[in-house]
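S.K.: Taking the hints into account, I'd like the entire structure generated from these sequences.
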Amino acid sequence: MIARYARLATLALAAASLAACGTEERPEPKKADQFGVVLAVAPADEGKLGRVVLPAAAIAEIKRADLGDVRIYDAKGRTLSIALGYDRSGQSSLLKSSDLPAIPIAANHGDGAAVPIAVEVKAGDATVAVTATDAADADKARVSVLFDTRTLALPVAGMELAANLPRQVPVTFTLESSADLKSWEPLAEKVLLRPGNDPEVLGTGRIALPGANLRDRYVRVSWDATPDVAVTGAKVFEAVERQPARVELETSGGKLSNDHELRFAPQLAVPIEAVELELAGPDGMVPVELFGRNDRSEPWGLLARGTLRQGEGPLNLELSGSTTREYRIVADKRSAGFSKEPKVSLAVTPITLFAAFNGEGPFNLAVGHPDAKPAYFDPADLGTTSELLRAWRRDAEVAIAGDAPLIQLAPAVPETPFDPRSMALWGALLLGTAILAFAAWRLMRGQAVAAAPSPPTG
Numbered sequence: 001m002i003a004r005y006a007r008l009a010t011l012a013l014a015a016a017s018l019a020a021c022g023t024e025e026r027p028e029p030k031k032a033d034q035f036g037v038v039l040a041v042a043p044a045d046e047g048k049l050g051r052v053v054l055p056a057a058a059i060a061e062i063k064r065a066d067l068g069d070v071r072i073y074d075a076k077g078r079t080l081s082i083a084l085g086y087d088r089s090g091q092s093s094l095l096k097s098s099d100l101p102a103i104p105i106a107a108n109h110g111d112g113a114a115v116p117i118a119v120e121v122k123a124g125d126a127t128v129a130v131t132a133t134d135a136a137d138a139d140k141a142r143v144s145v146l147f148d149t150r151t152l153a154l155p156v157a158g159m160e161l162a163a164n165l166p167r168q169v170p171v172t173f174t175l176e177s178s179a180d181l182k183s184w185e186p187l188a189e190k191v192l193l194r195p196g197n198d199p200e201v202l203g204t205g206r207i208a209l210p211g212a213n214l215r216d217r218y219v220r221v222s223w224d225a226t227p228d229v230a231v232t233g234a235k236v237f238e239a240v241e242r243q244p245a246r247v248e249l250e251t252s253g254g255k256l257s258n259d260h261e262l263r264f265a266p267q268l269a270v271p272i273e274a275v276e277l278e279l280a281g282p283d284g285m286v287p288v289e290l291f292g293r294n295d296r297s298e299p300w301g302l303l304a305r306g307t308l309r310q311g312e313g314p315l316n317l318e319l320s321g322s323t324t325r326e327y328r329i330v331a332d333k334r335s336a337g338f339s340k341e342p343k344v345s346l347a348v349t350p351i352t353l354f355a356a357f358n359g360e361g362p363f364n365l366a367v368g369h370p371d372a373k374p375a376y377f378d379p380a381d382l383g384t385t386s387e388l389l390r391a392w393r394r395d396a397e398v399a400i401a402g403d404a405p406l407i408q409l410a411p412a413v414p415e416t417p418f419d420p421r422s423m424a425l426w427g428a429l430l431l432g433t434a435i436l437a438f439a440a441w442r443l444m445r446g447q448a449v450a451a452a453p454s455p456p457t458g
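Under the working numbering, residues 1 to 458 are what the sequence shown spells out, in order.
Derived from the structure by calculation, the hints contain no laboratory data. Relax, there's no trap hidden among the hints.
FRET-style restraints, in silico, Cβ to Cβ:
id: 1; residue 1: Gly-284; residue 2: Gly-253; range: 17 to 27 Å
id: 2; residue 1: Arg-393; residue 2: Arg-296; range: 43 to 53 Å
id: 3; residue 1: Ala-280; residue 2: Asn-164; range: 39 to 49 Å
id: 4; residue 1: Arg-26; residue 2: Asp-216; range: 49 to 59 Å
id: 5; residue 1: Asp-33; residue 2: Ala-245; range: 26 to 36 Å
id: 6; residue 1: Arg-393; residue 2: Ser-97; range: 15 to 25 Å
id: 7; residue 1: Asn-164; residue 2: Lys-373; range: 34 to 44 Å
id: 8; residue 1: Gln-34; residue 2: Pro-362; range: 16 to 26 Å
id: 9; residue 1: Ala-336; residue 2: Thr-384; range: 58 to 68 Å
id: 10; residue 1: Glu-25; residue 2: Asp-378; range: 19 to 29 Å
id: 11; residue 1: Lys-373; residue 2: Arg-242; range: 26 to 36 Å
id: 12; residue 1: Asp-378; residue 2: Asp-198; range: 21 to 31 Å
id: 13; residue 1: Leu-429; residue 2: Ser-97; range: 44 to 54 Å
For every residue, glycine included, the Cβ atom is placed at its ideal position computed from N, Cα and C.
M.R.: Listed below in structure tokens is the structure:
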């Protein structure tokens, strides 16, 4: 009997283990027609290393965050050797990086120190002096550091700050450039959030500066003063070749949670560089904040903020690759909010391949399969730096058919304290515990009966 209960408990625990584990590995696709989309590719120079820029139709079809489901097949169904030119983190075989130290500069208040206004009144022998300052500006203490970028000869693709950040506190960094340290021009703004105890930030710390010319200029980085924030340096990325333009993807299916909130989960695997919003109704001015998270157990992290204005076109909220699974757009409570769902567009990182067109044409680009593992070589395996530069200029033509893709904005997971998978796991564990407890009780009861004295006979 006890053995039977033990077997039942084992089965219950096995069920719990299966609930916690994924399914077994499935075979990879071997043919082009097994992928979601197949597009014809015409190389600029057959038989040589060339460049392939994935169109929007291909990017929208990618199913894996590691971009593993991308292949190029020749006429015999064999895969070509390919390498990522600009990979999913924005790194490139054609990006030059350099480290710059941060130069601390004196703190300021708002756009400058508060200017006192003095009024002196004389009445006979008495003198009364009144001095006033702008208290609001005096409270807006800012901390800044300076980077000397005068020697950067190439266009700057991005900057990554070496920053110490407090846990779970969003910090907004403002970047400006100047030639004389007096007049400053805005470059970018980026919200960084460290969600846990590790130093890693939510998404990526890269601040996109597409093609900024910083030669003979300085860069100032500033933020609201707080003792827990410090910037000690930065890594600057210069583009050896001009980067491909971002790919703009239209969306559909967004639904308002209420007149001040829109939540959505883009059905898209590639990194998102920016979210573009545009008012669709007569809503006047609507300040908004964009939050993100990867799981409902996580807190919402602030990613960007801005102001929508009727008639002024779209608002670009830069994420610099801070891709999360769910997003939340919140309108300022002081505004009337949204009368209709705002138009949402996604700007994504361009995906560029180096491909060795050494097979027989015609060639086909195949994209979109969850079981296709990455098959990329390192760019250095395909050629030297000079060969890669020549290949970069051999741009293959990818045929595009049909309408532009629409990315579905699936509703974000609703707020609920119950996770069905966790409930199933806990249920199986509790069942196993109950069976073992019942078995122990039966065992103890049987031992008690056996130890009881026999009734007297007579």
